[in-house]
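Read off the chains here:
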Amino acid sequence: MFAPPIDRLITEFARLPGIGQRTAQRLAFYVLRLSPEQALPLAEAIREVKESVGLCEICFNLAVGPRCRICEDERRDADVICVVEEPSDVIPIERTHEWRGRYHVLGGALSPIDGIDPEDLHLEELARRVESGAVREVVVATNSTTTGEATALHIADLLRERAPQAAVTRLASGLPVGADLEYADEITLGKAFQGRRAL
Amino acid sequence: MARPVTVRRVQLRDFRNYERARLDLAAGVTVISGPNGAGKTNLLEAIYFGLTGRSCRTSNEREMVRHGGSVTRVALETEDEAGAHLLEAGFEPGETKRLRVDGALVEGLANSTARPLVSVFMPERLELVRGAPSARRAHLDQLVTALWPGRAPTRASYARALAQRNALLARVRAGIVAAELLDPWDAELARHGAQLMSDREQAVAAIAESFAARARELGLPQSAEVTYRRRSRATDGEGLRAELEARRATDLARGFSGHGPHRDDLALSHDGRPLRAFGSQGQQRVALLALLLAERDALAEIDRSPLMLLDDVMSELDSERRERLGALLGEGGQVVVTATDAERVPVSSLGALATELLA
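First to last, the sequence lines map onto chains A and B.
Read in order, the letters of the first sequence are residues 1 to 199 in the working numbering.
Read in order, the letters of the second sequence are residues 1 to 359 in the working numbering.
Among the hints, a few may not be true.
Not the full set, but computed from the structure, chain B residues with beta-carbon under 8 angstroms of chain A [to be verified]: (1) T113; (2) P153; (3) Q164; (4) V177.
Have a look at the derived ranges for each label pair, beta carbon to beta carbon [unchecked claim]: (5) N143/A / A178/B: 23 to 29 angstroms; (6) G108/B / L32/A: 34 to 40 angstroms; (7) A178/B / P36/A: 54 to 60 angstroms; (8) T145/A / G69/B: 41 to 47 angstroms; (9) R33/A / A82/B: 47 to 53 angstroms; (10) L181/A / A159/B: 27 to 33 angstroms.
Here chain A is said to cover these stretches of chain B; the calculated rule only asks that three of the stretch's residues, wherever they fall, bring their Cβ under 8 angstroms from a Cβ of chain A [as the list claims (entries may be wrong)]: (11) 138-152; (12) 180-189.
If you're looking for bench data, these hints aren't it; they were derived computationally from the structure.
These figures come from a predicted structure and were not determined experimentally.
A virtual CB, placed ideally from N, CA and C, is assigned to each residue, including glycine.
Please model the entire structure based on the sequences and the hints provided.
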């Protein structure tokens with residue numbers, strides 16, 4: 001419909017998550033209106049992030065250089081590991097300032113429908129980390145979805161076999177703190193009921 | 001608790017045979033009468049569309065648009081304790097539906113608190129009694145959701161886990177991965193499956209007694225029964241997981257999961273024989289009606305009586321049973337009932353409203 005370079009830009013935008021064809025077109029025309037000094041830094045930022053940011057060789061979190069910030073930080077406890085699905089899951093946990101241990105990023109969750117098998121995740125590396133080091137506890141913080149739960153069960157089985165000395169725990173689920181009951185969705189509230197404790 | 005939401009007024013535009021129409025509903029029973037072809041059923045369908053954004057008669061929604069019209073629109077004025085609400089549903093073939101609650105666009109009406117639950121009796125719905133078990137399972141799971149909205153996600157979670165396990169069975173069969181990988185999926189499927197079975201068990205228990213009583217009153221003299229027929233005998237997730245594991249070889253040979261609540265059925269029987277296979281059309285109609293009334297009884301206990309839309313429900317009943325049904329309908333909850341002859345709907349005039357359509 002447009003000149004090939006414009007079509008290419010629209011197609012690229014449309015591949016971004018949450019961007020439909022129409023929004024992609026709007027973004028493309030916005031970029032076209034920008035001056036080169038305004039538009040090129042975007043391209044440059046994309047190039048730079050792809051060239052300099054890779055995965056940590058230990059935990060597979062995002063890293064500039066061979067290891068991530070957290071794995072290089074000597075003050076972080078190396079004997080407790082929190083397992084998450086994606087690098088973006090590390091950020092909310094870090095924001096709590098409650099977790100002083102290390103991480104292990106799986107790079108997804110088991111999903112036979114999508115053809116994602118254990119070899120496609122960093123599970124073998126996790127098992128090796130746990131069996132070789134003095135790891136006391138592994139906290140499984142995969143998502144509370146079907147795929148996340150199945151992945152958690154798989155990790156529990158795997159570590160029971162490979163590293164029986166380590167305790168495997170799962171994050172609790174329940175009510176958001178500080179929120180009113182009336183705003184909690186039924187699923188969360190139901191889970192909170194199942195996990196209630198004596199006062 | 002709050003009294004259920006009632007529908008006060010229905011307005012339609014370019015819906016089926018109607019160019020424009022307006023209908024006021026009673027808080028109790030509303031009778032719509034008129035000759036065949038006058039559009040009685042269309043009014044019920046319009047109310048259903050206004051409440052859900054879907055048709056209860058057809059999957060081809062274009063049929064709802066009046067011939068010669070391009071957009072169909074239904075607006076319902078409802079009322080709860082807090083006051084009045086306006087539900088609007090608009091449909092134009094090829095466009096996304098426009099659903100609004102009190103003027104604000106919404107993606108679906110199912111979770112709106114501005115509408116009552118709805119229960120439909122139409123000839124097409126006899127499929128529920130005589131058709132395949134899948135329709136009855138879906139119906140039973142809807143009852144679970146109506147009784148305990150917090151349990152709605154269980155069915156979807158189970159379906160997702162099942163799809164994953166089936167996909168994995170195929171990958172194991174193809175030799176891509178090892179059979180041990182089924183372990184976590186068995187556990188995940190069993191966890192949701194046990195929950196689903198227990199929810200269904202409780203929902204059937206909530207309607208069983210009332211179903212038997214309503215069926216007897218309306219014309220199934222031998223004991224009529226509704227039961228949850230389940231394959232698994234497990235009482236918890238661990239039990240179901242063990243059953244799945246024991247059947248793994250069979251499942252691998254067949255390539256799909258042959259055991260679990262996705263194969264269960266809601267069994268309706270009369271005199272010990274399944275109505276699905278042995279019931280006459282009249283008996284099946286009574287069974288469907290008794291099922292819907294039993295559900296209303298259970299929902300009334302938690303103040304969530306549904307709006308009942310009953311199409312031509314009296315025609316095959318004798319006068320004694322018509323009297324009985326009329327009395328039952330008058331007992332509570334909002335009902336819209338159609339008949340070719342208003343005289344044949346014996347509802348007390350109290351709180352009732354009759355609308356006569358002219359062909």
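Hints versus structure:
1. T113: 12 angstroms, violated
2. P153: Hint holds; P153/B Cβ to chain A Cβ min 5 angstroms, cut 8 angstroms.
3. Q164: 5 angstroms, holds
4. V177: 5 angstroms, holds
5. N143/A / A178/B: 23 to 29 angstroms: This hint holds: roughly 25 angstroms between Cβ atoms.
6. G108/B / L32/A: 34 to 40 angstroms: 38 angstroms, holds
7. A178/B / P36/A: 54 to 60 angstroms: 55 angstroms, holds
8. T145/A / G69/B: 41 to 47 angstroms: 43 angstroms, holds
9. R33/A / A82/B: 47 to 53 angstroms: Taking Cβ atoms as reference, R33/A and A82/B lie about 49 angstroms apart, which means the hint holds.
10. L181/A / A159/B: 27 to 33 angstroms: Hint holds: Cβ distance 29 angstroms, inside 27 to 33 angstroms.
11. 138-152: That given contact holds, which follows from 4 residues of the segment 138-152 of chain B lying within Cβ reach (below 8 angstroms) of chain A.
12. 180-189: holds (count 6)
Hint compliance for this structure: hint 1 is the single one not met.
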